[in-house]
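*Asks:* Given next are the chains, with one letter for each unit.
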Amino acid sequence: MKVSYNWLNQYIDLKANKISPAALGEKLARTSVDLNDVSSPSDGLKKLVVGEVKECVAHPNSDHLHICQVQISPDETTQIVCGAPNVQAGKKVIVALPGARIADNVKIRRGKIRGEKSNGMLCALQEIGFSNSIAPQDYDEGIYFLPDDAKVGDSIFSYLGMDDTIVDTDVTPNRGDMLSMYGNVNDIAAIYDLPKHFSTHECTEDAAEQADDLIKVHVDDEKIAPTYLMRIIKGVKVQPSPLWMQIRLWNSGVRPKNNVVDVTNYVLLKYGQPLHSFDYDKLPVKEIHVKHPADGTKMTTLDGEERILKANDIVIAADDKPIALAGTMGGLETAVDDNTTTVALESAIFDPVMVRKQARRLDLHSESSMRFERGINPETVEKALNEAAYWLQQLAGGQVAKGIVRGSQAAVKARQIQLSTKRVNFVLGTDLKTEQITDIMRRLDFATETVGDKIMVTVPARRWDISIPADLNEEIARLYGYDKIPSTLPTMTRTVGGLTSRQKFLRASRHVMEGLGLNQAISYSLTTAKKAKQFQIQPTDREPMQVDYPMSSEHVATRMSIISGLLNDVAYNIAHKVANVALYEMGRVFLPNGEPRPVEHEHLAGVLTGQLTADNWHQKTKNVDFFQMKGIVEQYLKNIAVAGKITYVANHDRNEMHPGRTADILLDDQLIGYLGQVHPLVAKDYRIPETYVFELNLEALIKADKRSRHYEYISKYPAITRDIALLVDNKVTNQEVVDVMTKHGGAYLKDIHLFDVYEGVHLPNGKKSLAYTLTYQDDRATLKEEQVNTAFDKIVQRLQDDLNAEIR
Amino acid sequence: MGLKERLEQLRKEGLQQIANSSDPDKVNAVRVSMLGKKGSLTAVLRGMKDLAADQRPVVGKYANEVRNDLQAAIEKRSAELAKNILNAKLQAETLDVTLPGTAVAQGQPHVIQQIIDQLEDLFIGMGYQIAVGDEVEEEVYNFEKLNLPKDHPARDMQDTFYVTPSVLMRTQTSPMQARMMEKHDFTKGPLKMISPGKVYRRDTDDPTHSHQFNQVEGLVVGKHVTMADLKGTLQEVARNLFGDDLDIRLRPSYFPFTEPSVEVDITCFKCKGKGCAICKNTGWIEVLGAGMVHPNVLQMSGVDPEKYGGFAFGLGPDRFAMLKYGVEDIRDFYLNDVRFLTQFNEKG
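Sequences listed follow chains A and B, in order.
Using this note's numbering, you'd call the opening residue of the first sequence number 1 and step up by one each time.
Using this note's numbering, you'd call the opening residue of the second sequence number 1001 and step up by one each time.
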């Protein structure tokens, strides 16, 4: 809320106590509500004075400019060319003298306009920093006229309230009371422990008529309007309100309109009580109902928009026709206009949830709806109504009909809350005395009754946010001062902190990936529906989970694999000329399974493109390939020590993958992931070059048995190696060869190392050569040549028999 | 010339030749010519047999001395020459040590992960457990059980991606408060946990907003947990992450799930409180929200607010990383530009 310092000062002695606006803002931020800004409307402006237009003639070389002789001090008159259509002799105007600063830091200089000297500028309010949303409409088409009694040569600031300072607070939803001057005065008085002199005005009922002869009000359900009061004010003359009231409004960010509307807004700011004024004569019948409309009912609101209503909206209806949307906006048909003479003035409390829903649905958030949503002070509904009636008497010449018409009126209840000093200290960690607590309550104007350690606090209805002892703890803490609360650490039963085995596994997985040269990426979990479905480990036809009302077409559905996000990352890097990308990501994928929420699995995925380390002066690096990625996956699976058997099986059918360069990864025949090259067409879609990826389902790996960490005996006896080169059919895989060797290798075969693969012109068509080093070793004795020969011959024989291998 | 004189002469000649030898081969040639089987000294020694018996020990001793002297001189000279050769070789092998080293592939944890890990380690050290929840949450846990009933104005504070009316992308990691309290056996001691993870808000991405970011929720509930404990705990967090000499301050705020609720500021680590552009001249930077767990929240999770109480806080690793490293655009965290990711490579 934009809180005027000058207005506050009227009710509480800030200036006299040397509390500056800046200090007040800081204090509020530390003790009450957050602060946006402390600023003055005159910030950045200078040399703006009251002038009087003495003479005004048409500019000879222009069809719209005027040449004005403007008196700018008791003994100086100067010539200023002005383009405003409303400029006229005899008016007091805002003069920006040469050297002045006006809005947007514009500097005014002497000059000539179409050949005529102009020593300054006559200003509209917008030109001295007023926004269009607060500058009075009357001056939309020209410069502003100051009051006739303004003294020529004076600074304009005091005439327009621009010497005020605005403390702009950011009120949290619980402190609806701070959306009024009344609430601010109460809180500031409590903070500084200062007396307050908030004054209210009562109207005199000077019309002959009884209000309830003029109108009948029915509240069909008290839940929707617990309090609904109305007064009738007759003989009103609609005209601009006095400048002091306009200043109050515009300094609070509200645009002055006419005296009737301005009075309701003034009272809204002062009490936080929204009011609505109907043109009494426009009411189709003089009997109104506060009720829910029929679903689909139409009405035109003040802004000229036709609204289609819902059955849980709240309306004020006359003759079963809605004439206002309760709490949000009035109807056009019953609006006050320049010819209005009788005003029906409403002061009410509406159900906050219903107002909120209505305002949200119709996108009609206003100063009023905001206050209804956050709560209304039941103590001041009637006071606000009476004060508004008073101002209509004072400012619009109205006569107030006798009595208030009451559709409903909930009783004003203060709440009683019991505190104990011991408990307050127990929660806050403080060492407060009972008297300190009751003193804080006194500053808040909360009555207390103390019996021993127990304090019975009576909380007035104006603080409807306080209902339990914890709420009072907050009042005590903030007014005592958070700075005075000590800093300690919890002293309770000792607890042992630590990572669970799952968390340790996930951390270890990240560390392995980093050790292998991959950087951790964190990508978006929400992506397009198309990308969300791609690259699933276990491909399904299921659609990904989608959010309602996404903010961007790029972030619609939850990912079912991590790879698609990593490919976006690759694309971003490539587009920014980063050619070498090695990333991994660990995170959730979301797999719909027919339940309300999808299953969330932890996955690990990696991506490689370009080179793992960049070329340098010293050595040329190879581009990454399938085997580089496989090496990373193999090393990872070794490091996390799964006990079962890992196999890599070619899969030619993954949609997004290269059909010849993709392997499923199996753990004891269960699919746990895959790796390979992204299909060139998919890569093209993503705008990325040749790229290799893997993805693993960590849930399967977390659950898998782990190798026992048992020491392996290192033989002290010499090892014997044998090399073997085989010529086999192209389709024979390394795995098949290794399987044969392993199966028939005998007890001493310790290692099989592939050292060469060759396919090419020197070999018969359809053949390839594989060369291995076999290592034999006995743990307990030196192996004899003959033992190795026997074992080796057996392998050779089986390779020839089983795989039709030719030994080279 | 007597034998003795002959020996003296040989010693002189030998030492002279050794000293003059300019490479190991020449030294070796001297050794052969004097000490070898046919060497001149060897020849002299052979002549000993012709000496009178009483002369033999005297001359023999002297001959041995000469031989030892020559031997020592040869070894010394050989070593000298070998050293010279090695030095010359090493000289020839000289590198430009200012050339860059060979690149090693090393991956870095994401900067946000680094912050989360740091927080996890800090809180584990203080006896907390880490509770990780689902990112697609039930509305009941994300809002209702946190004292945020439907149509509460505070829901405006968090725009939400709904999936169905009862399922949503969690807007905070606070749902783990309720989930953990429901599971915890308070007769076995207090609940102390933090819950890190991704959260989602229906926001348009811009330099200071991201529809996805991270949060670390903290919760301590036990028989006697005070606001002073909250303050002390957050002080540890601030000092651990931003520097030992920093202070914190609390300001009133509002969260439906805590009462009292506070915003927490830390001393600006850039200007140490003097006021600068980062802290907008206030000397303080707002870093997190916290408060004492609202009795309604305890009650809804089956914890008796008469017997137990505690504090909760929620902080944003993204914001921490932005502050700590001066990152200007939150979107940088999720674009994964390799040049960005690899900057944060300090260890320990």
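Derived by calculation from the structure, the hints in this document are not laboratory data.
Predicted model only: the values in this text are computed from it and were never measured.
Heads up, a few of these hints could be off.
Claimed, not checked - Derived pair list, reagent style DSSO-like, types lysine-lysine, alpha-carbon separation capped at 30 Å: (1) LYS1280(B) x LYS27(A); (2) LYS422(A) x LYS402(A); (3) LYS27(A) x LYS1223(B); (4) LYS1150(B) x LYS484(A); (5) LYS223(A) x LYS1347(B); (6) LYS1198(B) x LYS504(A); (7) LYS1280(B) x LYS107(A); (8) LYS1150(B) x LYS357(A); (9) LYS630(A) x LYS1347(B); (10) LYS1223(B) x LYS484(A); (11) LYS1198(B) x LYS703(A); (12) LYS1280(B) x LYS15(A).
What the hints assert, rightly or not - Non-contacting residues of chain B with respect to chain A, defined by C-beta distances greater than 12 Å in every case (computed): (13) TYR1162; (14) ARG1202; (15) ASP1244.
As the list claims (entries may be wrong) - Simulated restraints on C-beta separations: (16) ILE1085(B) x THR647(A): 54 to 64 Å; (17) ASN651(A) x PRO1149(B): 44 to 54 Å; (18) GLY1189(B) x SER39(A): 47 to 57 Å; (19) LYS1307(B) x VAL599(A): 53 to 63 Å; (20) GLU634(A) x GLY1275(B): 48 to 58 Å; (21) LYS784(A) x ALA1088(B): 47 to 57 Å; (22) LYS1150(B) x ALA575(A): 42 to 52 Å.
Don't be surprised by glycine CBs; every beta carbon is placed ideally from N, CA and C.
*Asks:* Now look at each hint and say whether the structure bears it out.
*Replies:* Here's how the hints hold up against the structure:
no., hint, verdict
1, LYS1280(B) x LYS27(A), "holds, 17 Å"
2, LYS422(A) x LYS402(A), "violated, 53 Å"
3, LYS27(A) x LYS1223(B), "violated, 34 Å"
4, LYS1150(B) x LYS484(A), "violated, 36 Å"
5, LYS223(A) x LYS1347(B), "violated, 62 Å"
6, LYS1198(B) x LYS504(A), "holds, 19 Å"
7, LYS1280(B) x LYS107(A), "holds, 27 Å"
8, LYS1150(B) x LYS357(A), "holds, 10 Å"
9, LYS630(A) x LYS1347(B), "holds, 28 Å"
10, LYS1223(B) x LYS484(A), "holds, 23 Å"
11, LYS1198(B) x LYS703(A), "holds, 24 Å"
12, LYS1280(B) x LYS15(A), "holds, 26 Å"
13, TYR1162, "violated, 5 Å"
14, ARG1202, "violated, 6 Å"
15, ASP1244, "holds, 14 Å"
16, ILE1085(B) x THR647(A): 54 to 64 Å, "holds, 58 Å"
17, ASN651(A) x PRO1149(B): 44 to 54 Å, "holds, 51 Å"
18, GLY1189(B) x SER39(A): 47 to 57 Å, "holds, 52 Å"
19, LYS1307(B) x VAL599(A): 53 to 63 Å, "violated, 37 Å"
20, GLU634(A) x GLY1275(B): 48 to 58 Å, "holds, 56 Å"
21, LYS784(A) x ALA1088(B): 47 to 57 Å, "holds, 50 Å"
22, LYS1150(B) x ALA575(A): 42 to 52 Å, "holds, 44 Å"
When the structure is compared with the earlier hints, violations turn up for hints 2, 3, 4, 5, 13, 14 and 19 and for no others.
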